[in-house]
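2 protein chains.
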Amino acid sequence: MASDIYTKYTAFKQDDLLAKIRTSVSAKRFSHILAVQKTAVILAKRFGGDVEKASIAGLIHDYAKECSDEELLRVIYENNLDKEIIGFGNNIWHGVAGTILIEKELGVVDAEILQAVSVHTTGSDNMSLLDKILYVADFIEPNRRFSGVKKARELAEVDLDKTVKYETKHTLLKLVEKEIKVYPKTIDTYNKYVAS
Amino acid sequence: MASDIYTKYTAFKQDDLLAKIRTSVSAKRFSHILAVQKTAVILAKRFGGDVEKASIAGLIHDYAKECSDEELLRVIYENNLDKEIIGFGNNIWHGVAGTILIEKELGVVDAEILQAVSVHTTGSDNMSLLDKILYVADFIEPNRRFSGVKKARELAEVDLDKTVKYETKHTLLKLVEKEIKVYPKTIDTYNKYVAS
Numbered sequence: 180m181a182s183d184i185y186t187k188y189t190a191f192k193q194d195d196l197l198a199k200i201r202t203s204v205s206a207k208r209f210s211h212i213l214a215v216q217k218t219a220v221i222l223a224k225r226f227g228g229d230v231e232k233a234s235i236a237g238l239i240h241d242y243a244k245e246c247s248d249e250e251l252l253r254v255i256y257e258n259n260l261d262k263e264i265i266g267f268g269n270n271i272w273h274g275v276a277g278t279i280l281i282e283k284e285l286g287v288v289d290a291e292i293l294q295a296v297s298v299h300t301t302g303s304d305n306m307s308l309l310d311k312i313l314y315v316a317d318f319i320e321p322n323r324r325f326s327g328v329k330k331a332r333e334l335a336e337v338d339l340d341k342t343v344k345y346e347t348k349h350t351l352l353k354l355v356e357k358e359i360k361v362y363p364k365t366i367d368t369y370n371k372y373v374a375s
Numbered sequence: 180m181a182s183d184i185y186t187k188y189t190a191f192k193q194d195d196l197l198a199k200i201r202t203s204v205s206a207k208r209f210s211h212i213l214a215v216q217k218t219a220v221i222l223a224k225r226f227g228g229d230v231e232k233a234s235i236a237g238l239i240h241d242y243a244k245e246c247s248d249e250e251l252l253r254v255i256y257e258n259n260l261d262k263e264i265i266g267f268g269n270n271i272w273h274g275v276a277g278t279i280l281i282e283k284e285l286g287v288v289d290a291e292i293l294q295a296v297s298v299h300t301t302g303s304d305n306m307s308l309l310d311k312i313l314y315v316a317d318f319i320e321p322n323r324r325f326s327g328v329k330k331a332r333e334l335a336e337v338d339l340d341k342t343v344k345y346e347t348k349h350t351l352l353k354l355v356e357k358e359i360k361v362y363p364k365t366i367d368t369y370n371k372y373v374a375s
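Order-wise, the sequence lines are chains A and B.
The numbering of the first sequence is my numbering, which starts it at 180 and goes up by one.
The numbering of the second sequence is my numbering, which starts it at 180 and goes up by one.
Keep in mind that the hints are not guaranteed to be accurate.
A pair counts as met if it fits within one copy or between any two copies, since identical chains are not told apart.
Straight-line Cα separation of at most 25 angstroms, DSS-like style, residue types lysine-lysine; simulated pairs [to be verified]:
| no. | residue 1 | residue 2 |
| --- | --- | --- |
| 1 | 207 | 192 |
| 2 | 371 | 348 |
| 3 | 192 | 224 |
| 4 | 330 | 371 |
| 5 | 330 | 341 |
These are calculated hints, taken from the structure and not from any lab test.
Just chain A, with the same shape it has in the complex (with noise of 0.2 angstroms):
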């Protein structure tokens, strides 16, 4: 893949863009950004997706994981992004205020890929092919140790649909038996892609 697609999505070159976001979060994390990366590139290549913004999708989902709560709810309240999403926590703020986050700070201005990033954590009710690429390379990417990661790995040899459905009915199962908050984003995603 030319390098190129760093520059026509971001306002850095690649290896800026890297060292970026290598500063931004703890060695662990950039492994698993990377491995989302190319776990995107692969299922974009394998279910007909656009391969170069999974590929940016991928290596910019996190980019707000490890931001201070503080910093995160000022960008809620500035943005006046929903106010709802305040009793959620990191989990839920990073993607939806990480948006801005990469907007403004690594230059992507793309809707689709801000999407992707928007929603890598919750889905939703009205996925696009590269929303489902994302959310699913998080999942399974070859760092990942949990059950169930070898079924969604075998799913996603095959058919991203179900495995969009296996990752959401798995993770929200977890959530509930650890008694974690569900986001309502969470729920449509499952009414639609589960339980319909």
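Dock chain B against chain A, hints included.
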């Protein structure tokens, strides 16, 4: 308990109300209804609730449960109820649309009773004591047979809020395991009483 609670809260005397409800549902459901009424009275006495309202709420809560889909949809449309409800089937309709029929056909106007009936399946993020009593009574009445009901009954001996939490988590897990649609209000209940 004085039999005049029936004329106090409904348009019927006790015998007439019982006959009206009996002819609206199957024998099995009528047995369930009487068991919910008894259980709601026990819970109201145990936790300091309004015993009369608990009794009436238990008796009328499933009045619309065996209405046809066509009839409940007609009620939803004619009364401009939230159209979001339409995708969720009788299990959600019979509580929300049921309160309209209960008000019209049984003459119940008490707002607390109607609210308890409205949310008896889903709960809400702001449940009154009466809401909790009916929600739990419907879950633990003696005819119920399911894995977990013994635990719920034990909790209901001592702590109503812990029973609401247990019931909500149990119900949500079952819905997701069976891939049944989850009404958003159920997640409001979960986020308030389980995950908070």
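Query raised in the report: How would you classify residue 330 and residue 341 at a CA-CA limit of 25 angstroms: within, between, both, or neither?
Result: within (11 angstroms within a copy, 35 angstroms between copies)
Query raised in the report: At most 25 angstroms between C-alpha atoms: does residue 371 with residue 348 qualify within a copy, between copies, both, or neither?
Result: Both. Shortest intra-copy (11 angstroms) and inter-copy (21 angstroms) distances satisfy the 25 angstroms Cα cut-off.
**Report entry** Intra- versus inter-subunit Cα pairing at 25 angstroms for residue 192 with residue 224
**Finding:** within (23 angstroms within a copy, 71 angstroms between copies)
Requested in this report: Measure nothing new, just compare the shortest in-copy and cross-copy C-alpha distances for residue 207 and residue 192 to 25 angstroms and report within, between, both or neither.
Outcome: within (23 angstroms within a copy, 71 angstroms between copies)
**Report entry** Status of residue 371 relative to residue 330 across identical chains (alpha carbons, at most 25 angstroms)
**Finding:** within (21 angstroms within a copy, 33 angstroms between copies)
Of the numbered hints listed earlier, not one is contradicted by the structure.
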